[in-house]
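> Let the hints inform the model, and build the full structure from the sequences given.
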Amino acid sequence: MERKKKPTRHSKVTSLGDAAILARNALRERPEICLGGLFKQGRPVALVRALLAAGAKDLHVYSSPGAGYDIDLMIAAGAVEQVFIPGVTLENRLCPNFRSAVESGQVTAHALDALTVVGGLMASAHGVPFQPIDALRGSDVLKHNPLIREIDCPFSGRRIHAVGPIRPRVTFLHAQEADRWGNLRYLSTMVYADQLMARASDMVIASVDRIVPDDVILDDPSRVTVPAHYIDAVVEVPYGAHPTASFPGYAMDEEHIDAYADLGDAARTGDRAGLDAYIARHVTAPTSQEDYIKAVGGADNLARLKPEARTE
4 MERKKKPTRH
14 SKVTSLGDAA
24 ILARNALRER
34 PEICLGGLFK
44 QGRPVALVRA
54 LLAAGAKDLH
64 VYSSPGAGYD
74 IDLMIAAGAV
84 EQVFIPGVTL
94 ENRLCPNFRS
104 AVESGQVTAH
114 ALDALTVVGG
124 LMASAHGVPF
134 QPIDALRGSD
144 VLKHNPLIRE
154 IDCPFSGRRI
164 HAVGPIRPRV
174 TFLHAQEADR
184 WGNLRYLSTM
194 VYADQLMARA
204 SDMVIASVDR
214 IVPDDVILDD
224 PSRVTVPAHY
234 IDAVVEVPYG
244 AHPTASFPGY
254 AMDEEHIDAY
264 ADLGDAARTG
274 DRAGLDAYIA
284 RHVTAPTSQE
294 DYIKAVGGAD
304 NLARLKPEAR
314 TE
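So the sequence shown is numbered by the numbering used here: it starts at 4 and just counts up by one.
Source of the hints: derived by calculation from the structure; they are not laboratory data.
Treat each hint with caution, since some may be false.
[As the list claims (entries may be wrong)] Pairs of lysine to any residue, SDA-like flavour, derived with a Cα cap of 25 Å: (1) K15 / D212; (2) K15 / G58; (3) K60 / N95; (4) K60 / P216; (5) K309 / I296; (6) K15 / A236; (7) K309 / I214; (8) K15 / T228.
[What the hints assert, rightly or not] Quick list of simulated restraints, FRET-style, between CB atoms: (9) A306 / D279: 23 to 33 Å; (10) T11 / S225: 23 to 33 Å; (11) E84 / T11: 35 to 45 Å; (12) K60 / D155: 32 to 42 Å; (13) P132 / D279: 27 to 37 Å.
The beta-carbon is built from N, C-alpha and C at its ideal position, and this holds for glycine as well.
Written out as structure tokens, the structure is:
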């Protein structure tokens, strides 16, 4: 009997620039992109910057229920057409470029709740035509939410609401560790939405703070958060979530985020020079993550975020 050949495994490790081109080309087919992380934790910022530098435009952006800096930066760079995110905020202040773009009509921000996004991703991940969500009764969100439909419950006959599948063309995630095959290990706790996004998407590209040897994964496979078969490409990017946090490696850089927001506030009043200089310095000029780290003060400057991450 002829023996079957074992399938050949290929490393999924790629460069930041190649990952950005892969995503940009896919998004030209269909512009829906989804970003992992939550508020100021675990956002795939390095991938976002690389995608902007690669010239992505007219994007329809989804995220976990809470997003902020990275969405605002994408809008400041003129890359976003529509936003499907329940909350876009810096938590301690508004996102200035998001606010300006929505007020001027440059960007359409759809009125959504968290259950709509989670339900749509669940429908896609489970391969079903819709996901019932019954917590919106009496809410004015129903008047403006474009993803909701009212249907008859097949069991009770009662009118309920449902959302169709949300299937992003590309999803960006950030984790702390991965092996070369793309098995992701999250060492923090904010993982539920990222796991769902990975299952719901056409293409998933992950940045990680470090690539670890195969034995690290094999010695404790139960700690794999997102298995490799959901991941299309993985990029090793030290400080890849900066200025958001990647616990327990480094905390969010509040000083950097506040300085960026100040530039956005100035742009709202007509002085965009500082914001344009920021985008040039941090998005378009760097050709590598090493260049970006130099632009934000070097590795010694970022090292100050490590002790704080261990006291959170």
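> For K60 and P216, compute the direct alpha-carbon distance and say whether it is at most 25 Å.
Not OK: K60 and P216 at ~36 Å, beyond 25 Å, violated.
> Sort out whether I296 lies within 25 Å of K309, counting only the CA atoms.
Between K309 and I296 the Cα gap is close to 15 Å, so the pair holds against 25 Å.
> Need the status of pair K15, D212: alpha-carbon distance at most 25 Å?
holds, 15 Å
> Taking 32 to 42 Å as the stated bounds, is the beta-carbon spacing between K60 and D155 within them?
holds, 41 Å
> 27 to 37 Å was suggested as the range; check whether the CB atoms of P132 and D279 agree with it.
Since P132 and D279 have Cβ atoms about 45 Å apart, the given range 27 to 37 Å is violated.
> Given the hinted pair K15 and T228, is their Cα-Cα distance within 25 Å?
Distance of about 17 Å is within 25 Å: holds.
> Are K309 and I214 close enough, with their CA atoms no more than 25 Å apart?
holds, 19 Å
> Is it true that the C-beta distance of T11 to S225 lies inside 23 to 33 Å, as the hint says?
Since T11 and S225 have Cβ atoms about 26 Å apart, the given range 23 to 33 Å holds.
> Please verify whether K60 and N95 have alpha carbons no more than 25 Å apart.
Not OK: K60 and N95 at ~29 Å, beyond 25 Å, violated.
> Between K15 and G58, is the straight-line Cα distance small enough, at 25 Å or below?
holds, 23 Å
> Does 35 to 45 Å hold as the CB distance between E84 and T11, or does it fail?
Holds: the Cβ-Cβ distance is about 40 Å, inside 35 to 45 Å.
> Does A236 lie within 25 Å of K15 when you go C-alpha to C-alpha?
holds, 5 Å
In summary, the numbered hints that this structure violates are 3, 4, 13.
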